[in-house]
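S.K.: Okay, here's what each chain looks like letter by letter:
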Amino acid sequence: MSFWEYVGTRHTQLLADTYQHASVVFQCMVLATLLGMLIGVATYRSEWAGSLATTSTATILTIPSLALIGLLIPIVGLGVPPTVIALTLYGLLPVVRNAIVGLRGVDPALVDAAKGIGMSRAARLLRVELPLAWPPILTGIRVATQMLMGIAAIAAFASGPGLGNEIFRGIASLGSANSLNQVLAGTVGIVILALLFDAAYVLIGRLTISRGIRA
Amino acid sequence: MTPRGSGDGAGPGGGRAPDGHGVEGLAHLDDADMAERETASGEAPLRAPAAGARRISWQKWTFMPAFLVAALLATWLWFRGARLDSIAHQAVDNGKVWLALRQHIQLTAVSTFFVLIIAIPLGIALTRARLRRATPFAMAVANLGQAVPALGLLVLLVIWLGIGARSAIVGMVIYAVLPVLANTIAGLRGIDPTLTEAARGIGMSPMGVLRKVELPLAVPLILAGVRTALVLNVGTATLATFGGGGGLGDLISAGIITQRMPVLILGSVLTVALALLVEWLASLAELLLRPRGLEGTN
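Those protein sequence lines, which keep their order, are chains A and B.
According to our numbering, the first sequence holds residues 1 to 215 in order.
According to our numbering, the second sequence holds residues 1001 to 1298 in order.
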């Protein structure tokens, strides 16, 4: 069976897996972005809290994903819970780090000016600092999403959802006629998803980066 | 990926790694690492800069090994007390744990060696005047390569080249070459052009400029690339088990498939400890091998 025939006959299964893959990565990324920005906002002013946040999230990123999932299984069981926890943890680092770098990089004179025209602390953060720090944060989100695409494939080994299942079905039937098609379909699907997400981020950048700082 | 990655990433994730491990992300990882180091050296501002040139805050550098020893000891004590049935015994008896650990280290060392001898010369070649037009192309390929999942790449190579450690190593090399290459190119391109012009002006040959000016200045970024490669490879080596390549992934997958939690936890803890140890050693090397002339700049 050629690859295209395989894709033709299995397209319902493949589309379902693709949808689940995209959905789990998207949801975990939303969670990681919210948590990461909260951590960034809470720690960027203090030297040691900021470096504690980046060091600890960097340590999580050093841990191989299969091992982290392996440590989560005895605690939360198989399936969706270890997948979501692992993906969210791995998604945190680039967001936290870029949020701290971005917020610290905001020109103090601008924050001072905002204070001078009577803006409250929250207004300064929401209307001056965060919009200025948004481009690096968005870059962090982009990098994290691409990374999560590959990690989500590995999470399928712990019965997680998504295209990784297609790859593991191929591994299970290694040597059979369809194994190459299955692995190829899973891998190509993930690459396509990663590129689509990347394109979406370019679009989001166009729409959300404040007009004043757009290059 | 990472980190790196890590990454990154990087990894290294972050990373790609992580790692993660996108290329842009790795640049950010390095920024923050340098900021971290600045704070580390800022703890004793009164000492003369010459005397404290290689100052390393010892708490920072002894914390990780102490933590790892404690974690490994606790796991070992717990594992000895855990009740193992025959299936669990089959997974860990006859020195299988040591074998897996040794295979893992071998996979990581061999693939990192190949990554370095491919990526660094290639990075140097791509920044020479004659090939400079190919640089954006190489960077685009490196960025695109980040989108390919490590698992899919590895399994495709297993189908193509057959089961075993060789396919795993080829996959790991391909996966880690791209971030290291991107790091090397970025390092060499980031060098102030007035410096290379000055070197040429005093009559240095192109080879002399490369050896005496460009490479020493790019050492920090190249070393960051080495660390990225090591961290990425320790992580990717866990996936070698899916292609019969051995390594600590064997213990993890045996634990998951047979539902034997002690085996799973032992495999995972050993993998995590190895990854953290490798990262620690690499960042130590990064700090000690930095050229003395660059100490002041960072």
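It should be emphasised that the hints constitute simulated quantities derived from the structure, not laboratory data.
Computed from a predicted structure; not experimentally measured.
Watch out, some of these pointers could steer you wrong.
Covered stretches of chain B, as calculated for chain A (at least 3 residues, CB under 8 Å) [stated by the list, open to error]: (1) 1155-1165; (2) 1260-1267; (3) 1271-1285.
Note that beta-carbon positions come from the ideal geometry of N, C-alpha and C, so glycine has one too.
S.K.: Could you run down the list of hints and mark each one as holding or not?
M.R.: A quick look at each hint next to the structure:
1. Figure legend: the segment 1155-1165 of chain B, annotated as covered by chain A; annotation consistent (5 residues with Cβ-Cβ distances under 8 Å, at least 3 required).
2. With 4 residues bearing a CB less than 8 Å from a CB of chain A, the segment 1260-1267 of chain B meets the requirement of three and the coverage assertion stands.
3. Beta-carbon proximity to chain A at under 8 Å applies to 5 residues in the segment 1271-1285 of chain B; the threshold of 3 is reached and the given coverage holds.
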